[in-house]
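Trainee: Line by line, the protein sequences give chains C and H.
Note that our numbering gives residue 265 to position 264 of the first sequence, counting from 1, and the numbers run on in steps of one.
Note that our numbering gives residue 309 to position 299 of the second sequence, counting from 1, and the numbers run on in steps of one.
Treat each hint with caution, since some may be false.
To be verified - Lysine-lysine pairs mimicking DSS-like chemistry, simulated, CA-CA at most 25 Å apart:
| hint | chain 1 | residue 1 | chain 2 | residue 2 |
| --- | --- | --- | --- | --- |
| 1 | C | Lys195 | H | Lys90 |
| 2 | H | Lys182 | H | Lys132 |
| 3 | C | Lys107 | H | Lys344 |
| 4 | H | Lys240 | H | Lys36 |
| 5 | H | Lys355 | H | Lys344 |
| 6 | H | Lys36 | H | Lys20 |
| 7 | H | Lys36 | C | Lys195 |
| 8 | H | Lys129 | C | Lys195 |
| 9 | H | Lys123 | C | Lys195 |
| 10 | H | Lys132 | H | Lys36 |
| 11 | H | Lys182 | H | Lys90 |
To be verified - Far from chain C, by Cβ distances over 10 Å, these chain H residues were calculated:
| hint | residue |
| --- | --- |
| 12 | Ser54 |
| 13 | His89 |
| 14 | Gly94 |
| 15 | Asn99 |
| 16 | Leu102 |
| 17 | Val118 |
| 18 | Gly141 |
| 19 | Asp209 |
Claimed, not checked - Computed, partial: chain H to chain C, Cβ under 8 Å:
| hint | residue |
| --- | --- |
| 20 | Leu62 |
| 21 | Ala66 |
| 22 | Pro115 |
Hints are computed from structural coordinates only; laboratory data are not their basis.
Think of the CB as a built atom: it goes at the ideal place given N, C-alpha and C, for glycine as much as any other residue.
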Amino acid sequence: MALPAYAGPLETTWYYTFRFLCGCIFLFLITPILVIIPLSFNVEPYFTFTSGMLSFDPDAYSLKWYEDFINNTQWTHSVKNSFIIAIFSTILATILGTLAALGLSKPHMPYRSLMMGVLISPMIVPLIISAAGMYFFYSNIGLSQTYLGIILAHTALGTPFVVITVTATLVGFNHSLTRASANLGANPTTTFFKVIMPLILPGVISGALFAFITSFDEVVVVLFLAGFDQRTIPRQMWSGIREQISPTILAVATILVMISIALLATLEVLRRRSERLRGMTPG
Amino acid sequence: MSETADILVKFDSVQKSYDGETLVVKDFNLDVSKGEFVTMLGPSGSGKTTCLMMLAGFEPATHGEIYLDGVPINNVPPHKRGIGMVFQNYALFPHMTVAENLAFPLEVRGLGKSEIEDKVNKALDMVRLGGFGDRRPAQLSGGQQQRVAVSRALVFEPKLVLMDEPLGALDKNLREEMQYEIKHIHENLQVTMVYVTHDQSEALTMSDRIAVFDDGIVQQLAPPDELYEKPMNAFVAGFIGENNRLFGKVVSIDGKFCQVELEGGGGMVKALAVNIGGVGSRTTLSLRPERVTIGAAKGATENSLSATVQELIYLGDHIRSRVRLTGNSEFVVKVPNSHGHVHLKKGEVTQIGWEAEDCRALDA
């Protein structure tokens with residue numbers, strides 16, 4: 002959006018002010034994330050920049066917190082837990098959320114908005130309330146302090162994202178395609194895997210991604226439900242701040258940021274590629 | 011034609027209601043013979059598409075039974091009916107190539123790879139799209155997509171093909187071209203077709219028989235010429251082709267003819283008694299514009315009335331003349347642009363006449 006030739010002084014001023022404000026907002030959002038990256042290389046066990054770091058003295062930087070992260074069994078255990086829990090809850094949330102969205106998009110579905118409200122409520126209800134509720138409920142049925150309990154809790158939190166993204170994809174879905182498929186002799190299962198699934202896949206993938214990230218950085222429910230064995234990365238970071246005040250958590254945070262960026266970039270590349278293959282966008 | 015063995019589709023007193031209160035289709039009966047091209051024609055909301063959807067299996071019939079080749083199919087799911095269908099918006103699978111679209115019905119039927127390839131190529135050649143197999147539907151024009159949809163509905167050799175306003179999205183020239191193409195495919199393959207449209211010229215061009223729908227009821231089921239020349243009620247007369255209407259009261263009935271007194275003191279008219287009540291009942295007279303002679307001497311035709319010329323529109327092959335009779339200012343006469351035709355002027359008073367045989371007295 003270039004400045005048009007007829008712009009007066011007022012427009013020109015506003016044009017540059019607007020750009021400046023946008024820049025400030027970006028900076029505000031990204032600085033806390035960026036600042037941890039250099040700090041994670043601090044040789045001193047401090048959370049602030051030392052004078053050595055500011056004068057770019059190579060001795061002020063080190064990889065010791067990364068070494069600590071790799072060699073500390075508590076951390077490696079939490080990484081394993083995080084991935085196990087996130088992967089299984091993502092699979093469950095994706096399956097359940099996709100099925101729910103398909104059902105809710107049927108034209109003659111009764112109580113549609115009521116069911117939609119119930120399904121997406123974990124996203125709206127304050128997390129601490131859900132967590133407290135789950136704590137009492139899961140304790141009664143013996144699911145607290147188990148992997149299954151946390152996976153199920155994270156599934157409930159991740160499902161709304163899948164429901165919403167898949168429902169959004171289905172809005173543009175041409176329902177005569179399923180009729181055409183049936184008419185051509187495909188049974189409902191074949192229709193689902195050959196016709197519906199390929200077309201709603203972008204929505205399913207982005208929903209799954211949201212569900213994965215929700216589980217991966219969730220700490221409140223884990224605080225309530227997890228025992229020592231089920232500690233995830235965020236839970237470990239939380240106790241890292243409270244108990245040890247070790248810059249290891251900065252190293253972990255940096256690694257997590259890198260993983261997130263890599264994950265998003267990969268998915269975006271995949272999504273564009275599949276869209277191009279399916280001829281939905283030109284080029 | 012009406013022998014039971016030759017009947018492929020039979021609707022037996024079928025009713026349909028979506029909300030359990032209002033009937034969208036009221037008592038629908040239809041026999042479609044093998045190899046026939048039957049069109050369901052009607053305004054939107056008349057129930058014609060609903061009937062097609064019931065036949066395809068996408069909507070259950072509320073009452074009555076539908077038979078396919080003598081077998082009741084109310085409880086047969088759509089994917090087991092083996093009926094081909096062309097959808098209104100083509101419904102081609104956007105994530106598959108043209109060839110994959112055509113191969114889809116063959117793959118789900120478990121055909122071998124080489125056989126599928128063979129049939130797909132044949133089907134593409136049939137609609138003159140050979141070499142387009144690797145394209146995606148989005149890369150084709152509307153007419154090409156339409157032809158893919160038609161060939162996909164035919165590639166698995168169904169006994170019956172349904173078409174739901176398949177030409178609605180095409181422009182006029184392409185639509186006419188496709189009408190002939192579909193008609194030729196029908197003639198060449200001898201496949202039975204049930205076609206739904208709201209476009210009467212489409213129906214007249216293509217069909218063996220047309221069922222005219224209105225208000226959930228078949229108003230008339232007849233071949234195109236009979237429908238145009240011998241409409242059985244005022245709706246059909248008004249819906250098919252151009253039609254002049256005159257309102258009046260039956261004064262006397264004499265065998266197949268009747269005398270009708272026109273409303274507003276327009277005088278007496280002799281008409282063919284087609285669909286009227288007894289003496290004294292109201293009636294609508296239906297008269298095709300091309301059956302009216304203009305400037306005829308009194309007595310030269312069985313009916314003769316004086317009329318004032320209101321408007322003349324030059325259309326090349328004929329001149330459309332709108333004249334005013336007593337009580338009807340929308341009366342249209344087509345004056346053919348032949349050698350020595352009558353030259354009219356606006357505001358001129360002239361005589362119009364027609365034969366009683368061409369004037370049909372229908373329901374009010």
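Trainee: Decide, hint by hint, whether the structure agrees.
Mentor: Consistency of the hints with the structure:
| no. | hint | in the structure |
| --- | --- | --- |
| 1 | C:Lys195 <-> H:Lys90 | holds (18 Å) |
| 2 | H:Lys182 <-> H:Lys132 | violated (28 Å) |
| 3 | C:Lys107 <-> H:Lys344 | violated (52 Å) |
| 4 | H:Lys240 <-> H:Lys36 | holds (24 Å) |
| 5 | H:Lys355 <-> H:Lys344 | holds (15 Å) |
| 6 | H:Lys36 <-> H:Lys20 | holds (15 Å) |
| 7 | H:Lys36 <-> C:Lys195 | violated (38 Å) |
| 8 | H:Lys129 <-> C:Lys195 | holds (21 Å) |
| 9 | H:Lys123 <-> C:Lys195 | holds (18 Å) |
| 10 | H:Lys132 <-> H:Lys36 | violated (42 Å) |
| 11 | H:Lys182 <-> H:Lys90 | violated (36 Å) |
| 12 | Ser54 | holds (17 Å) |
| 13 | His89 | violated (4 Å) |
| 14 | Gly94 | violated (7 Å) |
| 15 | Asn99 | violated (6 Å) |
| 16 | Leu102 | violated (8 Å) |
| 17 | Val118 | violated (5 Å) |
| 18 | Gly141 | holds (17 Å) |
| 19 | Asp209 | holds (20 Å) |
| 20 | Leu62 | violated (11 Å) |
| 21 | Ala66 | holds (6 Å) |
| 22 | Pro115 | holds (4 Å) |
Comparing the model with each numbered hint stated earlier shows that hints 2, 3, 7, 10, 11, 13, 14, 15, 16, 17, 20 do not hold.
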